[in-house]
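> For reference, the chains in residue letters:
2 protein chains.
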Amino acid sequence: MSEHIRLHIPGPVEVSPATYEAMAAPMIGHRSKDFVALYDSIQPRLQELMGTKQPVFLSTSSAWGVMEGTIRNLVVKKVLCCCSGAFSDKWVDVARRCGKEVDALRFDWGVPVDPAALDAKLATGEFDVVTFIHNETSTGVMNPLAEVAAVVNKYEDILLVTDTVSSFTVVPIEVDELGVDVLLTGSQKALALPPGLALFAVSDRAFARAAKINDRGYYFDFLEFKANHEKSMTPSTPCIATIRGLDHQLDVIFAEGIENRFARHERLNDTVHDWVRKNGFEFFAPEGFRSKSLTCVKNNRDIDVAKLGQIMRKDHSLAIDGGYGKIKGTTFRLSNMGDETDETIQNLLDALDDSLTKL
Amino acid sequence: MSEHIRLHIPGPVEVSPATYEAMAAPMIGHRSKDFVALYDSIQPRLQELMGTKQPVFLSTSSAWGVMEGTIRNLVVKKVLCCCSGAFSDKWVDVARRCGKEVDALRFDWGVPVDPAALDAKLATGEFDVVTFIHNETSTGVMNPLAEVAAVVNKYEDILLVTDTVSSFTVVPIEVDELGVDVLLTGSQKALALPPGLALFAVSDRAFARAAKINDRGYYFDFLEFKANHEKSMTPSTPCIATIRGLDHQLDVIFAEGIENRFARHERLNDTVHDWVRKNGFEFFAPEGFRSKSLTCVKNNRDIDVAKLGQIMRKDHSLAIDGGYGKIKGTTFRLSNMGDETDETIQNLLDALDDSLTKL
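So the sequences go chain by chain: V and U.
Going by the working numbering, the residue at position 237 of the first sequence is 237; the numbering climbs one at a time, nothing skipped.
For the working numbering, count along the second sequence from 1 and bump the result up by 359.
Accuracy of the hints is not assured; some may be wrong.
Unchecked claim - The following label-pair restraints were derived from C-beta to C-beta distances:
#1 U/Asp452 / V/Glu48: 46 to 56 Å
#2 U/Gly410 / V/Asn260: 47 to 57 Å
#3 U/Gly688 / V/Glu259: 42 to 52 Å
#4 U/Ala586 / V/Ala18: 34 to 44 Å
#5 U/Asn706 / V/Lys307: 52 to 62 Å
#6 U/Gly688 / V/Gly325: 51 to 61 Å
#7 U/Lys392 / V/Gly325: 12 to 22 Å
#8 U/Gly688 / V/Glu48: 32 to 42 Å
#9 V/Lys326 / U/Lys392: 18 to 28 Å
#10 V/Lys226 / U/Gly410: 34 to 44 Å
What the hints assert, rightly or not - One-sided excerpt, in silico: chain V residues whose CB lies under 10 Å from chain U:
#11 Glu14
#12 Arg96
#13 Met233
#14 Pro235
#15 Ile240
#16 Arg244
Said to hold, decoys possible - Calculated from the model, a selection of chain U residues having no Cβ within reach of chain V, i.e. all distances over 12 Å:
#17 Ile364
#18 Pro403
#19 Glu407
#20 Lys437
#21 Val635
#22 Leu708
These aren't lab readings, by the way, just hints derived from the structure by calculation.
Values in this document were obtained by computation on a predicted structure and should not be read as measured data.
The C-beta atom is built at its ideal place from N, Cα and C for all residues, glycine as well.
Produce the entire structure from the sequences given, and follow the hints as far as they go.
Below, the structure written as structure tokens:
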């Protein structure tokens, strides 16, 4: 087995030995009572974490599968994609590839989505779906979810799809209270599971919209998920080992206490931010809109980011991210999400201190 | 942890402790050199197993995802689904839900697909895609792949999609030689991995067809898989732990020797067949068309199949399948695929002997 390089990239993140152990439980049939028991054990805790009375579906895919699914299930007229980073930009392309009418509400990378600009766009009456990424993992911006939801909810026929891939279980998100129509997330971020599982909840009005669309397919069909949920099952054979891991991580999350979990993420994130300031770096995201999951550091010191990453890996067995897409090298990213502790974050920062001296 | 019920259902099947151990390797980033090395280690061995020079793609989904993907990537005119069991029947429904024109070539459950009937249907000129299930897991029928492929290949503009979910690595399948345009399989059958990973290969003429379709989406887009393959990556974050397991199982398969693996499956299947005959049962599938992966036993003795399953579970900690869909109770299924041995199959049959006396 190769050396263990500890991950501080913004997903996948470290998976604990206890999680892997839980995943290694004997395999079970997906139409068995054993699976029903597993599903039923997970379901109420996911609903509590999401703040929803709706079912929380388990999709055997990465989050992009469900993101495409929301387009196919919901868009009749035209979708508006709020774009301010690599992943939100990509949604425009994906919607187009599903043969749908699409427009983009664009902000520069690093600039948060502006609810007033969104309101003006929606007032045209052109749109029936809005896609929105809560925490843009590429830029480290946490967009104003509550304000965006309030705007979209002014419009009776417009549905709000929200990607919380890198914010779920990091900050409180109350789906029903916010009025989010589809909330989706993935397993390999703050849940600290291996990739391959996406979780999502769907509002009644989104189900009603889906029922009107005939070519929404099968694999990501919201109504198929709902029908199978009634039997505590999934439409297709699910990723049982990862779901076992989820069951375990829910135990861990509720044992820690969800408020404590939020507080821990905030504290560790603050520790990273202190390090950024102390070292004369700046933030790519503006004050008040910075992710609690990861820090996108602006490379205002013009260091050799690629070399920093190499030293971190070689001398400290740690992986950081050297910036995504068009901000590669001009930023770097440090993740504090998942099962990280004061010790592991201090270890990361000490290693960065050492590595910076070696550039 | 609950009791270990050993699986002899036709998927998911038992996953070995060694496979789980391989899956528990430290997590890696999906855009890292570590992932590229993993991908490159797997790729040539999958190509050899499938008998193809084309890339073998890794889809983070169950097989149904790719089955839906083939419809969206390939069907322009109309798809013909060869139907002779639960899973092949379902393909008609899935194609319809993708908004495609579809027709079914129907055979009674248990009756193999007839190449001559297929030929007659294709001669109408209505179709541009044929879907075909090699090994119908619901009925235990192994359909005549070579003969079906020969028929479809007479028609220049018709593409053949073949599901080998429960036959891959059980019997030889030479994709390029057969002229199959899309061959797909899943992880939780004879590969003896947890579910959540599908594997598929695409012919050049299928890529060419896909290039003409504008609403084929993103998550299962064949051309997106191809573009990412050039970088030894996948379009979306893949199920890395399961891919680690695949890497391990490929080691196991090539250490055993692929011919030995085929021979072992045949021998264990013969052992089950001997037991069926000795106990006065019949087969649901006709002679010459019986799966080597599993046995679908006809309940001609009119035993209480549900009770048999309960006794097997309670007294022997073994899970068998009590028949699928409309043949539930009138059949039962015994799997010998994956990592099974003479000992584990003998244990299954001894347990069945004991359980039959307790009905």
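> Going through the earlier hints one by one, which of them does the structure break, listed in rising order?
Violated: hints 1, 13 and 17.
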